[in-house]
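A.B. asks: Sequence:
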Amino acid sequence: MNDTLKIEKKWQKYWEDNKTFKAETGSEKKPYYILVEFPYPSGAGLHVGHVRSYTAQDALARMMRLQGYNVLYPMGYDAFGAPAEEYAIKTHQHPKKVVEQNIKVFGNQMKSLGFSFDWDRAFSTTDPEYYKWTQWQFIQFFKHGMAYKAETKVNWCPKCKMVLSNEDAAGGVCERCGSEVEQREKSQWMLKMASYSEDLLKGLDDTNFADRVKLGQINWIGKSSGVEMDVEIVGGGKFSIFTTCIETVYGITFFVIAPDGKLINELMPRVENKDEVMAYIKETSLKSAMDRTELNKGKSGVLVKGIKAINPINGQEVPIFLGDFVLGDYGTGAVMAVPAHDQRDYEYAKEHNLDIVQVIEGDISTKAFEKQDYLGKGTKLMNSEEFTGMTVEEAKEAITNKLEDMGIARRVNNYKMRDWVFGRQRFWGEPIPMINCPECGWVPVPDSDLPVLLPDVTEYEPTDTGESPLAKIEEFVNCKCPVCGHDAKRETDTMPQWAGSSWYFLRFMDPHNKEEFASMDAMKYWNKVDWYNGGMEHTARHLLYARFWVQFLYNIGLVPNKEMIWTRVSHGMVLGADNVKMSKSKGNVINPDDIVNEFGADTLRVYEMFMGDYQMDAPWSTDSLRGCRRFLDKVIRLKDKVNDEDGFTKDLELLQNKTIMKVEYDMTHLGYNTAISSLMILANKYDELDTITKKDYNLLLVLLNPFAPHITEELNEQIGYRPICEGTWPVYDEAKTVELTKEVAVQVNGKVRATITITIDDDEESMKEKALDCENVVKHIEGKEIVKVIVIKGKIVNIVVK
RNA sequence: GCGAGUAUGGCGGAAUUGGCAGACGCGCUAGACUUAGGAUCUAGUGUCCCAGACGUGCAGGUUCAACUCCUGUUACUCGCACCA
Numbered sequence: 046m047n048d049t050l051k052i053e054k055k056w057q058k059y060w061e062d063n064k065t066f067k068a069e070t071g072s073e074k075k076p077y078y079i080l081v082e083f084p085y086p087s088g089a090g091l092h093v094g095h096v097r098s099y100t101a102q103d104a105l106a107r108m109m110r111l112q113g114y115n116v117l118y119p120m121g122y123d124a125f126g127a128p129a130e131e132y133a134i135k136t137h138q139h140p141k142k143v144v145e146q147n148i149k150v151f152g153n154q155m156k157s158l159g160f161s162f163d164w165d166r167a168f169s170t171t172d173p174e175y176y177k178w179t180q181w182q183f184i185q186f187f188k189h190g191m192a193y194k195a196e197t198k199v200n201w202c203p204k205c206k207m208v209l210s211n212e213d214a215a216g217g218v219c220e221r222c223g224s225e226v227e228q229r230e231k232s233q234w235m236l237k238m239a240s241y242s243e244d245l246l247k248g249l250d251d252t253n254f255a256d257r258v259k260l261g262q263i264n265w266i267g268k269s270s271g272v273e274m275d276v277e278i279v280g281g282g283k284f285s286i287f288t289t290c291i292e293t294v295y296g297i298t299f300f301v302i303a304p305d306g307k308l309i310n311e312l313m314p315r316v317e318n319k320d321e322v323m324a325y326i327k328e329t330s331l332k333s334a335m336d337r338t339e340l341n342k343g344k345s346g347v348l349v350k351g352i353k354a355i356n357p358i359n360g361q362e363v364p365i366f367l368g369d370f371v372l373g374d375y376g377t378g379a380v381m382a383v384p385a386h387d388q389r390d391y392e393y394a395k396e397h398n399l400d401i402v403q404v405i406e407g408d409i410s411t412k413a414f415e416k417q418d419y420l421g422k423g424t425k426l427m428n429s430e431e432f433t434g435m436t437v438e439e440a441k442e443a444i445t446n447k448l449e450d451m452g453i454a455r456r457v458n459n460y461k462m463r464d465w466v467f468g469r470q471r472f473w474g475e476p477i478p479m480i481n482c483p484e485c486g487w488v489p490v491p492d493s494d495l496p497v498l499l500p501d502v503t504e505y506e507p508t509d510t511g512e513s514p515l516a517k518i519e520e521f522v523n524c525k526c527p528v529c530g531h532d533a534k535r536e537t538d539t540m541p542q543w544a545g546s547s548w549y550f551l552r553f554m555d556p557h558n559k560e561e562f563a564s565m566d567a568m569k570y571w572n573k574v575d576w577y578n579g580g581m582e583h584t585a586r587h588l589l590y591a592r593f594w595v596q597f598l599y600n601i602g603l604v605p606n607k608e609m610i611w612t613r614v615s616h617g618m619v620l621g622a623d624n625v626k627m628s629k630s631k632g633n634v635i636n637p638d639d640i641v642n643e644f645g646a647d648t649l650r651v652y653e654m655f656m657g658d659y660q661m662d663a664p665w666s667t668d669s670l671r672g673c674r675r676f677l678d679k680v681i682r683l684k685d686k687v688n689d690e691d692g693f694t695k696d697l698e699l700l701q702n703k704t705i706m707k708v709e710y711d712m713t714h715l716g717y718n719t720a721i722s723s724l725m726i727l728a729n730k731y732d733e734l735d736t737i738t739k740k741d742y743n744l745l746l747v748l749l750n751p752f753a754p755h756i757t758e759e760l761n762e763q764i765g766y767r768p769i770c771e772g773t774w775p776v777y778d779e780a781k782t783v784e785l786t787k788e789v790a791v792q793v794n795g796k797v798r799a800t801i802t803i804t805i806d807d808d809e810e811s812m813k814e815k816a817l818d819c820e821n822v823v824k825h826i827e828g829k830e831i832v833k834v835i836v837i838k839g840k841i842v843n844i845v846v847k
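Mind the numbering: the first sequence is residues 46 to 847 in my numbering, read in order.
Worth flagging that the hints you see were computed from the coordinates, not collected in a lab.
Where a beta carbon is used, it is the ideal one built from N, C-alpha and C, also for glycine.
Errors might be hidden in some of the hints.
[Unchecked claim] With beta-carbon atoms standing in for the labels, derived distance ranges: (1) Lys631 <-> Arg682: 33 to 43 Å; (2) Val457 <-> Arg315: 40 to 50 Å; (3) Lys607 <-> Met661: 24 to 34 Å.
Kindly produce the complete structure, drawing on both the sequences and the hints.
C.D. replies: As structure tokens, then:
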């Protein structure tokens with residue numbers, strides 16, 4: 046083992062032995078909760094990307110502890126999920142074993158990097174003591190009518206043999222394996238997430254998420270405000286449509302209804318071309334989500350013969366079409382078609398030779414004149430009876446009012462967000478704690494019987510039928526109804542991986558509680574996650590699920606705040622040296638263990654903080670890493686300059702105060718790279734001197750400690766100081782961060798011609814005088830007329846001449 | 001298609017409020033020390049027609065002053081994608 050590693054091990058042991066980073070619930074100190082997304086412990090081990098965010102948060106945690114905060118910086122494992130299960134199947138072991146091994150590897154790796162986690166609070170989502178509470182919370186969802194079983198069309202991945210959520214199947218492709226997703230009917234547990242759409246939107250006001258994170262949430266929820274309008278069918282019956290553009294109601298030339306919606310089935314007896322319609326419905330149901338949402342394909346559809354609808358605003362009879370671009374589960378599953386002002390309807394009308402009626406002034410000769418073309422521009426209506434001549438905005442309001450007065454329309458909001466498909470036909474997940482009794486129906490497992498444990502079996506391969514592997518294990522399935530005692534069967538689906546990560550941050554507040562998932566007292570003490578960091582890829586889904594989960598718990602009185610996460614920030618990826626995502630197949634993967642062994646954990650930590658803008662992707666560079674090692678070597682060498690004098694070196698005072706201020710500011714503003722650069726500047730300054738005091742040296746070490754905790758502790762000990770981790774953060778004197786004299790530029794017509802040295806007392810007038818004294822300035826203004834002189838105190842002089 | 005983000009030397013990146021563009025690091029050049037150098041130290045390093053001029057994707061604009069603000073535009077990245 047080399048010296049660097051010996052030193053690192055020494056201090057890691059010191060922190061462990063002294064429980065240096067233990068977070069005390071209820072402590073008098075001000076609590077501060079710093080969270081990083083806990084990893085999925087894959088077989089590949091820790092990624093250098095993990096190191097980036099864990100180090101950033103670690104640095105913040107270490108600084109804030111020295112500043113007197115009671116910092117909670119926990120770590121755990123999100124270990125349910127398909128990869129572990131697949132690997133276990135391949136190697137014929139229980140996934141539990143695979144996960145145990147991986148967790149051990151991850152734990153050792155993280156410890157070798159010196160992260161200041163409170164390891165006493167660590168857990169895995171796969172621990173029965175943890176998933177007991179995940180199951181218990183599911184039962185609360187059920188008891189409050191928020192969980193239900195429904196026959197739904199689900200996204201089915203034929204390769205993974207499992208059902209996927211809409212989010213997992215985004216784009217019609219399996220998130221995990223990339224296979225094309227099929228549609229299957231399946232009875233599924235669902236959580237009523239859609240009913241929280243508005244709350245999840247409003248809740249964002251109670252957070253301090255980065256703008257791009259908030260936006261991601263808003264886009265997923267996908268709110269649109271519009272009007273729902275009833276439409277009569279000739280010869281009886283009616284249906285509703287949803288539109289955001291009611292101002293175009295006079296332009297309706299047909300309606301389109303969803304082939305997978307309920308409406309067409311109701312109308313079927315009166316349909317004249319049943320065969321054609323049925324065939325189209327069948328055709329649609331066979332299409333995968335991908336085919337159906339594929340752009341640049343013809344607008345398919347069939348005319349529903351024998352049925353006409355009446356445009357309620359003017360009584361006009363128009364045809365009804367079946368078209369697969371209308372989705373059965375969004376809005377009302379039916380739309381009004383206004384080809385003049387909606388490009389999709391325009392194309393549909395062209396394809397099927399339908400009328401186009403223009404109702405808003407604009408050019409529709411080659412394409413539709415759509416809302417983005419006319420909104421907010423004072424554009425006027427035409428062909429719209431009494432509304433003709435009104436602006437679009439006025440008409441929107443007036444037409445809605447009229448339809449409301451007629452009693453056939455309502456203002457409504459629609460949301461893209463759907464209910465959460467909560468079942469997975471997988472072995473390696475939390476069993477859904479429900480029992481199906483022929484007498485009583487679905488009954489939750491009593492609290493006293495929780496957790497419902499995963500059986501210790503070796504056969505758990507997914508089935509081709511789509512049933513969970515648990516269904517084949519009789520001793521698991523067969524049970525008694527807890528209500529009536531009748532023979533009953535357990536639910537065999539398990540929960541999605543998102544379940545465990547939806548509330549883990551609450552458990553960290555009180556991880557050993559045997560009575561509750563976390564006590565209200567503990568949660569009130571820590572209050573919220575103050576600073577949550579994770580990948581951009583999780584800012585939509587994980588964060589939304591977690592917020593939904595928390596809001597539900599809040600509504601039933603189990604957590605103290607409606608939002609339990611205050612600030613959310615996200616980091617950029619660490620790319621390979623070739624500037625593309627690291628992957629085995631590209632052979633550009635950097636293993637953090639190798640770097641720690643060769644250069645030390647401190648070097649890796651400093652490098653990953655220095656490599657670039659924290660929020661942006663950055664390519665790996667071993668050369669730059671070496672540069673960081675050289676910086677630490679320089680810090681080590683500076684020890685030879687330490688003298689026995691008391692206090693600080695006077696000449697360093699200004700820079701020292703400025704550096705403290707900068708490091709502090711940067712660390713709380715994601716400016717880790719500039720914090721390190723300011724420390725390099727300070728070290729360079731020390732290096733210019735022949736000798737520095739112990740206090741000078743100690744100051745540098747303390748400021749650098751959050752980034753390079755091992756070597757700084759070691760050097761600090763060598764000059765005879767008490768451990769940094771038991772000390773305090775330096776306080777800067779603001780008055781001493783301002784230079785008494787400095788150089789400022791003098792411009793003539795905006796071009797720098799000279800610099801002058803000014804003191805803090807120099808006012809505008811004296812700056813001007815000094816500027817006009819400069820030889821080079823005189824040269825450039827000679828023979829010209831001075832129009833004016835702009836002087837910004839302490840910053841710049843600009844002389845404008847003609 | 002919609003939404004968001006990004007664009008600065010050979011490279012990663014700085015520039016907190018409009019105020020000397022290129023901090024800091026890498027790389028490179030020359031030199032010192034050295035058996036040696038992937039160590040250390042010194043000097044240099046945006047471009048060019050070098051007393052000066054030009055330079056932050058491109059074209060305009062506002063301003064005494066623009067990487068920063070405004071208008072338009074291009075390229076790339078990410079997210080969503082027939083959402084009525």
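A.B. asks: Against each hint, give a clear statement of whether it holds in the structure.
C.D. replies: Hints, one by one, checked against the model:
1. Lys631 <-> Arg682: 33 to 43 Å: Because 38 Å falls inside the window, the suggested range holds.
2. Val457 <-> Arg315: 40 to 50 Å: Cβ of Val457 to Cβ of Arg315: about 28 Å, so the range 40 to 50 Å is violated.
3. Lys607 <-> Met661: 24 to 34 Å: holds (32 Å)
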